[in-house]
Amino acid sequence: MNALETLLETTLRTLPPVLLAGMGGMLANRIGILNLGLEGMMLTGSFVGVIASYYTGSAYGALLIAGLASALVALIFSLFTIRFKANPTVVGVAVNMLIAGLSTYFLSVLFGVRGSFSDSNIVGLPKIALPGISEIPVLRAFNNQNLTVWLALLFVILLHYVFYHTSLGLRIRATGQFPMAVTTAGVNVKALQYGALVFGGFLCGLGGAHLSLGQLTLFTEDMTSGRGFIALAAAIFGKNTPVGTLIGALLFSFTDGVTRRIQTSGFPSMLIDMIPYIVTVVTLWIVEMHALSRRKKMLTGRASRK
Amino acid sequence: MSGKLKKALAAPAKTLFAIFVALVIGALLVLPTGTTPLEAYKELWNGAFGSKINILNTLARSTPLLFTGLAAALAFRGGVFNIGIEGQLYIGAFSAALIGIYGQNLPPVILIPLCILGAMLGGLLWAVIPGILNTKYQINLVVICTMMNNIAELFTDYLCGYPFKGDIPTNATLKLGENAWLMRFDERSELNIGFILAVVCAVLLYILMFKTRFGYETRALGLNRRFTSYIGVNVNRKILAVLFLSGMIAGLAGAEQVMGVNHRFISAFSSDYGFTGITVALLGGLNPLGVVIGALFFGALENGAIQMEVMTNVSRDLISSLQAVIIMLIAAEELIRTRRGIKKVKGAGKAPSGRERKEASAS
Numbered sequence: 017m018n019a020l021e022t023l024l025e026t027t028l029r030t031l032p033p034v035l036l037a038g039m040g041g042m043l044a045n046r047i048g049i050l051n052l053g054l055e056g057m058m059l060t061g062s063f064v065g066v067i068a069s070y071y072t073g074s075a076y077g078a079l080l081i082a083g084l085a086s087a088l089v090a091l092i093f094s095l096f097t098i099r100f101k102a103n104p105t106v107v108g109v110a111v112n113m114l115i116a117g118l119s120t121y122f123l124s125v126l127f128g129v130r131g132s133f134s135d136s137n138i139v140g141l142p143k144i145a146l147p148g149i150s151e152i153p154v155l156r157a158f159n160n161q162n163l164t165v166w167l168a169l170l171f172v173i174l175l176h177y178v179f180y181h182t183s184l185g186l187r188i189r190a191t192g193q194f195p196m197a198v199t200t201a202g203v204n205v206k207a208l209q210y211g212a213l214v215f216g217g218f219l220c221g222l223g224g225a226h227l228s229l230g231q232l233t234l235f236t237e238d239m240t241s242g243r244g245f246i247a248l249a250a251a252i253f254g255k256n257t258p259v260g261t262l263i264g265a266l267l268f269s270f271t272d273g274v275t276r277r278i279q280t281s282g283f284p285s286m287l288i289d290m291i292p293y294i295v296t297v298v299t300l301w302i303v304e305m306h307a308l309s310r311r312k313k314m315l316t317g318r319a320s321r322k
Numbered sequence: 529m530s531g532k533l534k535k536a537l538a539a540p541a542k543t544l545f546a547i548f549v550a551l552v553i554g555a556l557l558v559l560p561t562g563t564t565p566l567e568a569y570k571e572l573w574n575g576a577f578g579s580k581i582n583i584l585n586t587l588a589r590s591t592p593l594l595f596t597g598l599a600a601a602l603a604f605r606g607g608v609f610n611i612g613i614e615g616q617l618y619i620g621a622f623s624a625a626l627i628g629i630y631g632q633n634l635p636p637v638i639l640i641p642l643c644i645l646g647a648m649l650g651g652l653l654w655a656v657i658p659g660i661l662n663t664k665y666q667i668n669l670v671v672i673c674t675m676m677n678n679i680a681e682l683f684t685d686y687l688c689g690y691p692f693k694g695d696i697p698t699n700a701t702l703k704l705g706e707n708a709w710l711m712r713f714d715e716r717s718e719l720n721i722g723f724i725l726a727v728v729c730a731v732l733l734y735i736l737m738f739k740t741r742f743g744y745e746t747r748a749l750g751l752n753r754r755f756t757s758y759i760g761v762n763v764n765r766k767i768l769a770v771l772f773l774s775g776m777i778a779g780l781a782g783a784e785q786v787m788g789v790n791h792r793f794i795s796a797f798s799s800d801y802g803f804t805g806i807t808v809a810l811l812g813g814l815n816p817l818g819v820v821i822g823a824l825f826f827g828a829l830e831n832g833a834i835q836m837e838v839m840t841n842v843s844r845d846l847i848s849s850l851q852a853v854i855i856m857l858i859a860a861e862e863l864i865r866t867r868r869g870i871k872k873v874k875g876a877g878k879a880p881s882g883r884e885r886k887e888a889s890a891s
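Listed in order, the protein sequences are those of chains X and U.
According to our numbering, the first sequence holds residues 17 to 322 in order.
According to our numbering, the second sequence holds residues 529 to 891 in order.
In isolation and in its complexed conformation, chain X is listed as follows (with noise of 0.2 Å):
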């Protein structure tokens, strides 16, 4: 492989977990309420994965739980923001801050061990080898990929379909502009937000449990380390678009993939840790201030047209 093609295998191999909980981001954007817990449902996927590939020794069946899992800390995140009214940016907060205690209390609880933990008995998502595919210039990247990364593109394409081919989908892109229009319509808003946002936290797990079966077999501390907010920012790239978004998710991975390379050249290595962060930054910035601009720029031919 040349590197175009490594650097191209990097970005797959790193994608799943911003894409996937991206999506999570756009769907609760999409319906009104900001879900700033992503990071915090991603963690859970890490852990709940770790935890139950240890125990049952199925890496896909721990996928599975990882999903659910981060689907339930999901279904607690609406009950606090929808039920029970309080604000979707502290509750999110707080989602955070509790599996970032659980998970360091139970790694504790359940192995006596702080910081990480890895184990011979975590049995890791297997590679999938596509036969013929690897004499294929470019396309040799998706060679040996996780199922998650075929999970991720997959949901791209499905959500793609459901949001504009479907009626579902409409009352999905409708509530998050106009609740009240949908409510006249005999649509129940507050399911769709519940189906929404426990939905997203499910891909949110998938992601989370890429990171911590996928990439590698172990769990550490806060291993998802800002990527919960790294999604959400390409969501907002995305401009809450299923295809939007997997190019946000892209541009961040590839960055991803890029420091990682780089990670070797003997440069301070927290400088290099900071770039992904920056980018991030950078991307919203830019993206924003084309937003604004465009935004000025509509207003004042309209006024001209006066």
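Rather than coming from a laboratory, the hints here were simulated on the basis of the structure.
Keep in mind the model is a prediction, meaning the values are calculated, not measured.
Some hints could be false.
Said to hold, decoys possible - Listed next, the stretches of chain X that the computed footprint assigns to chain U, with coverage defined by at least 3 CB atoms under 8 Å from CB atoms of chain U:
id	segment
1	92-102
2	222-229
3	280-287
4	295-305
To be verified - With a straight-line Cα cutoff of 30 Å, these simulated DSSO-like cross-link-like pairs (lysine-lysine) come out:
id	chain 1	residue 1	chain 2	residue 2
5	U	K664	X	K312
6	U	K703	U	K580
7	U	K570	X	K101
8	U	K664	X	K255
9	X	K143	X	K101
10	U	K542	U	K570
11	X	K101	U	K664
12	X	K206	X	K143
13	X	K206	U	K542
14	U	K542	U	K739
15	X	K101	X	K206
16	X	K101	X	K255
17	U	K693	U	K703
18	X	K313	U	K580
19	X	K313	X	K255
From the three backbone atoms N, C-alpha and C, an ideal C-beta is built for every residue, glycine too.
Based on the hints, put chain U in the right spot on chain X.
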């Protein structure tokens, strides 16, 4: 009971309820370790208040939380979700350390205020980027602040690991000159004059928030941004002012740790003081004087948890889970109260639509 009194008692009652629920959940979490919850909580109590030194250490542990709690209380009251306190604390602490190292020949009367001022400026500086991106381009403050926290921790790790590396093997700067040290009350405890400074800060902030025009406008901002602009306040400028002041207080938390406790900047020294500050602020009802109580409570919990971990097999990480439970329960109560207030003002029983809620949260 008169309506006013009832209202005044309702808030502490809800807070106590949240603490009670958290302690019950904590007890359930302790069970699988084989230690009885009663035993764990007894050690927790002894660790926090068992002896004179333990009490002094509880106060020492409360000090950074008091500063970060005040920073959070001010910001959250204004509806400005400054999650970046952790990063502002690091930059503030590093600024104080640099001044303390390079200005060590200055007399304490000049050096100490200089360090403190530097820390405040450092904290403010780290709030500038989130502030501008949020007010000018409406980018979510929490997302930017989280990125800034990560950047601050890594960047200060680099600074004290490479250009300003000190004389010890871990990533840390040199020791500050003794002229920059904050006076301690007892040589066996890290408690220093910074605690007094924090309490003074709480009183000043209380006056600012409840007795001045600035405070009135800040509180209005937290309740309803559109209304605040109707009463003639430049909302964006107000958000920036609140955020910058919050960042300056966060910088003070860092200064106290560097000048009073470690006497040098040590990489990643903060054990999530910035985030615990949010809990402390909510626990204190977003009122500076309440924050003092909240900080003492969490100082006691965290200090007691150290002894609990040594004496029983219960990890002190238990406390951070309990924090989150407390935040969620108080937040759930918070909004019910505010909504009632809004309803009364409007005179109509209209629930906020999803869009209104989104606007409120898009800070």
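Hint-by-hint comparison with the structure:
Only residues whose beta carbon comes within less than 8 Å of a beta carbon in chain U count, and the segment 92-102 of chain X has 4; three or more means the coverage holds. Restraint check on the segment 222-229 of chain X versus chain U: 0 residues with Cβ-Cβ distances below 8 Å, three needed, restraint violated. By the rule of at least three residues with a Cβ nearer than 8 Å to a Cβ of chain U, the coverage given for the segment 280-287 of chain X holds, with 3 such residues. Taking a C-beta to C-beta cut-off of 8 Å, the segment 295-305 of chain X contributes 6 residues in contact with chain U, enough for the three needed, and the coverage statement holds.
Taking the CA atoms of U:K664 and X:K312, the gap is about 13 Å. The hint holds against a cut of 30 Å. With a C-alpha separation of about 29 Å, the suggested pairing of U:K703 with U:K580 holds against the 30 Å cut-off. About 36 Å separates the Cα atoms of U:K570 and X:K101, which puts this hinted pair outside 30 Å; it is violated. The straight-line distance between the Cα atoms of U:K664 and X:K255 is roughly 18 Å, inside the 30 Å bound, and the hint therefore holds.
Annotation: proposed proximity of X:K143 to X:K101 is violated, straight-line Cα distance about 43 Å (limit 30 Å). Distance hint between U:K542 and U:K570 is fulfilled; the C-alpha atoms sit about 24 Å from each other, no more than 30 Å. Simply put, X:K101 and U:K664 have alpha-carbon atoms about 28 Å apart, close enough for the 30 Å limit, and the pair holds. Restraint check: the Cα-Cα separation between X:K206 and X:K143 comes to about 39 Å, which exceeds 30 Å; the hinted pair is violated.
Distance check on the hinted pair: X:K206 and U:K542 sit about 27 Å apart at the alpha-carbon level, within 30 Å; holds. Note on U:K542 and U:K739: the hinted pairing holds, with a Cα-Cα distance of about 26 Å set against a maximum of 30 Å. Between X:K101 and X:K206 the CA atoms are separated by roughly 12 Å; this keeps the pair inside 30 Å, and the hint holds. With a C-alpha separation of about 26 Å, the suggested pair X:K101 and X:K255 falls inside the 30 Å cut-off, and the hint holds.
Between U:K693 and U:K703, the direct Cα distance comes to roughly 11 Å. Compliance with the 30 Å bound is thereby established for this hinted pair. At roughly 67 Å between alpha-carbon atoms, X:K313 and U:K580 are farther apart than 30 Å, so this suggested pair is violated. Distance check on the hinted pair: X:K313 and X:K255 sit about 19 Å apart at the alpha-carbon level, within 30 Å; holds.
When each numbered hint is compared with the structure, violations occur for hints 2, 7, 9, 12 and 18.
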